[in-house]
Amino acid sequence: MDRDVAMLLLLGVLLGAILLLLALFTVAPIFCSCLVSLLYTVYVFIANERSGVHHAQEYENRFWTIFTILLSTALFFAKDSPLAFGRWNTSVGFLGVLFCGYCMHA
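Position one of the sequence shown corresponds to residue 44 (my numbering), numbered consecutively onward.
No lab work stands behind these hints, which were simulated from the structure alone.
Note that the Cβ used here is the ideal one computed from N, Cα and C, for glycine as well.
Treat the hints with care, since some could be wrong.
[Claimed, not checked] Simulated DEER-style distance windows between Cβ atoms:
{"#": "1", "residue 1": "K122", "residue 2": "A99", "range": "33 to 43 Å"}
{"#": "2", "residue 1": "A49", "residue 2": "I109", "range": "31 to 41 Å"}
{"#": "3", "residue 1": "D45", "residue 2": "C146", "range": "42 to 52 Å"}
{"#": "4", "residue 1": "D45", "residue 2": "S134", "range": "48 to 58 Å"}
{"#": "5", "residue 1": "D47", "residue 2": "S94", "range": "35 to 45 Å"}
{"#": "6", "residue 1": "G95", "residue 2": "T133", "range": "29 to 39 Å"}
{"#": "7", "residue 1": "L58", "residue 2": "S134", "range": "20 to 30 Å"}
{"#": "8", "residue 1": "N132", "residue 2": "A49", "range": "45 to 55 Å"}
{"#": "9", "residue 1": "S94", "residue 2": "D45", "range": "29 to 39 Å"}
{"#": "10", "residue 1": "Y86", "residue 2": "P125", "range": "38 to 48 Å"}
{"#": "11", "residue 1": "L63", "residue 2": "L126", "range": "11 to 21 Å"}
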């Protein structure tokens with residue numbers, strides 16, 4: 044594949060991702076704000092390989108467990124989330140968050 048074609052393809056994918064993100068922000072602003080902040084946290088985590096978090100596997104497991112717990116909390120309890128069943132039945136939502144965190148850590 045030619046380099047120019049690859050760059051145009053990458054530009055199209057990035058533009059599509061930005062437009063999709065803007066469309067999601069109009070539909071679900073609270074959930075998308077949580078999602079964007081979590082994605083930024085993953086970016087910072089991956090970009091800083093020299094950080095002390097990467098020195099041991101247990102530290103990385105803790106990061107991904109906390110990330111999964113926060114993501115599932117946003118997914119189950121945010122007002123405009125597509126899977127916000129935790130708002131109507133908080134015990135099921137809480138058990139779902141615990142289950143996701145356990146599955147990530149195990």
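Which numbered hints fail: 7 and 10
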